[in-house]
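Participant: Sequence:
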Amino acid sequence: MQSFFQIVFGWSLLLSFIGALSLVVPPTVFDQTHPDFILIIGTIGIWRYGVGMVHYVRALIFLYLVFPLHRRRALRALSINPPSHIYLMVTSFRIDTMTTAMVYESVIQEAMNCGYRATVVASIVELSDELIFKTLWNKYRPGASVTLKIVRIPGTGKRDGLAYGFRAIARDMPDSSDLVVVVDGDTVLEPDVVSRCVPYFSLFPKVGALTTNEYCDVQGSYWMSQWHKLRFAQRHIGMSSMGLAKRVLTLTGRMSMFRAGVVTEQEFIDDVENDFLEHWRLGRFKFLTGDDKSSWFSLMRRGWDTYYVPDAIVKTVEHPPDRNFLRAARQLMFRWYGNSLRQNSRATRLGLQRLGPLTYYVLWDQRISMWTSLLGLTAAIVAAVKYSIVYLVMYLLWIAITRTIVTLLLRASGHKIGPAFPLMLYFNQIYGSLIKIYVFFRLDKQSWTRQKTRLKAHDNTFQAQFNRISPPIMTLTAASAFIALILCMV
Numbered sequence: 007m008q009s010f011f012q013i014v015f016g017w018s019l020l021l022s023f024i025g026a027l028s029l030v031v032p033p034t035v036f037d038q039t040h041p042d043f044i045l046i047i048g049t050i051g052i053w054r055y056g057v058g059m060v061h062y063v064r065a066l067i068f069l070y071l072v073f074p075l076h077r078r079r080a081l082r083a084l085s086i087n088p089p090s091h092i093y094l095m096v097t098s099f100r101i102d103t104m105t106t107a108m109v110y111e112s113v114i115q116e117a118m119n120c121g122y123r124a125t126v127v128a129s130i131v132e133l134s135d136e137l138i139f140k141t142l143w144n145k146y147r148p149g150a151s152v153t154l155k156i157v158r159i160p161g162t163g164k165r166d167g168l169a170y171g172f173r174a175i176a177r178d179m180p181d182s183s184d185l186v187v188v189v190d191g192d193t194v195l196e197p198d199v200v201s202r203c204v205p206y207f208s209l210f211p212k213v214g215a216l217t218t219n220e221y222c223d224v225q226g227s228y229w230m231s232q233w234h235k236l237r238f239a240q241r242h243i244g245m246s247s248m249g250l251a252k253r254v255l256t257l258t259g260r261m262s263m264f265r266a267g268v269v270t271e272q273e274f275i276d277d278v279e280n281d282f283l284e285h286w287r288l289g290r291f292k293f294l295t296g297d298d299k300s301s302w303f304s305l306m307r308r309g310w311d312t313y314y315v316p317d318a319i320v321k322t323v324e325h326p327p328d329r330n331f332l333r334a335a336r337q338l339m340f341r342w343y344g345n346s347l348r349q350n351s352r353a354t355r356l357g358l359q360r361l362g363p364l365t366y367y368v369l370w371d372q373r374i375s376m377w378t379s380l381l382g383l384t385a386a387i388v389a390a391v392k393y394s395i396v397y398l399v400m401y402l403l404w405i406a407i408t409r410t411i412v413t414l415l416l417r418a419s420g421h422k423i424g425p426a427f428p429l430m431l432y433f434n435q436i437y438g439s440l441i442k443i444y445v446f447f448r449l450d451k452q453s454w455t456r457q458k459t460r461l462k463a464h465d466n467t468f469q470a471q472f473n474r475i476s477p478p479i480m481t482l483t484a485a486s487a488f489i490a491l492i493l494c495m496v
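Under the working numbering, think of the first position of the sequence shown as 7, with each following residue one higher.
Read the hints as simulated data drawn from the structure, not as lab findings.
Careful: at least some of the hints might be erroneous.
[To be verified] Restraint-style ranges between C-beta atoms, simulated for each label pair:
{"id": "1", "residue 1": "G161", "residue 2": "P478", "range": "31 to 37 Å"}
{"id": "2", "residue 1": "N330", "residue 2": "R82", "range": "51 to 57 Å"}
{"id": "3", "residue 1": "L142", "residue 2": "R373", "range": "42 to 48 Å"}
{"id": "4", "residue 1": "M118", "residue 2": "I374", "range": "45 to 51 Å"}
{"id": "5", "residue 1": "I24", "residue 2": "R290", "range": "46 to 52 Å"}
{"id": "6", "residue 1": "F11", "residue 2": "G357", "range": "21 to 27 Å"}
{"id": "7", "residue 1": "R329", "residue 2": "I374", "range": "31 to 37 Å"}
{"id": "8", "residue 1": "I24", "residue 2": "Q471", "range": "50 to 56 Å"}
Idealized CB from N, CA, C, for every residue including glycine.
Produce the entire structure from the sequences given, and follow the hints as far as they go.
Facilitator: See the structure below:
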């Protein structure tokens, strides 16, 4: 927990840095009539900031106007059409004992307190996890209205764990009103999170699944903690914006709720367990990670809507894969962005009519933003080398001011903000864009941060060699074209 003095010192340091840069740049930077005026935004800047403001305004409309209305209507709809049974399925593999116990305990308590008949499905690999679950079950003794299913699976990945669990639920032959909560093994459910999510399935018959608001408890350094907290604050704004259109772009595995009729269909189970991509250059390869993107794509393809419940909260216990911040960030970004881009390459083919204008644009924008995010820095460096170092200082001042403003705007998300957020925002922009570009040309490269499962090389010898040789060539070609464009502009 940060002390008050640490927070004050951090903000003071940030403001002092902005003040120091303001003293270094020429006075013309603050002259509204001069071409150097710092608040002059180019065409690309207007576009990028405009997109951000659209999402921000949409998020505020959803959070403070639309969602409260939905909540009142949903509670009325629930009294008419309640679910008959709730399944809470938790998947767990190689998570420390303390976190595992906290997660299992929260799942059992939610099953007991949700107000419906419930079944807890534990899809686990190791005997130790089964013993923890049974010990906690005997401690709480939930009663006849709550039952337990233990599903033991091989340690072949989370996708298999989900598929085994879904099949166990399917064998119960749930009815059309039943719901399934999918919980990750590092996610602690906050009280009443299930009961907060249930009503929206009664209100929106076309919603096939929804996801929840997340906070985090990071088992790592200050910078890693601030980085994760920034991510969840941004996630909340993005989810709220897309929730307004019932087009949430991912059904996070941390905690999402589905209609039982969706997750027990064989087509959906196959989509989660055996998802693959047919790529024009890399051939056909199976998805290892990104089950949350597979489930979203499966629902979108079959005509379901997706929703976001901002007042249903879970807490994730984050265990960074490496003590070094940069190495840990690289591994996590590699997995996150790879999952998004693998989904992106096929999701746009669902079409404008199915996705809606905003979702269709956002998916295309994911491919564009990795380049536009590097445009300002690259142009500033070229201008500094060719003309004067002052241009780079002006750019840094602009970044410091704008990222501080964005940080203050994130306060409306309800997530706490910190003085490290402006730096983390810029780190995500530059470092994240470089990772995205690297991943974009290597979509077949996948790895877990907790599991060591990796995709084997392509069975076709020519295709395997081509997949090894072509990514560096494609990356170099794209980077060269980008730099040539910057040189022409500057």
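Participant: Of all the hints given earlier, name the ones this structure violates by number, lowest first.
Facilitator: 6
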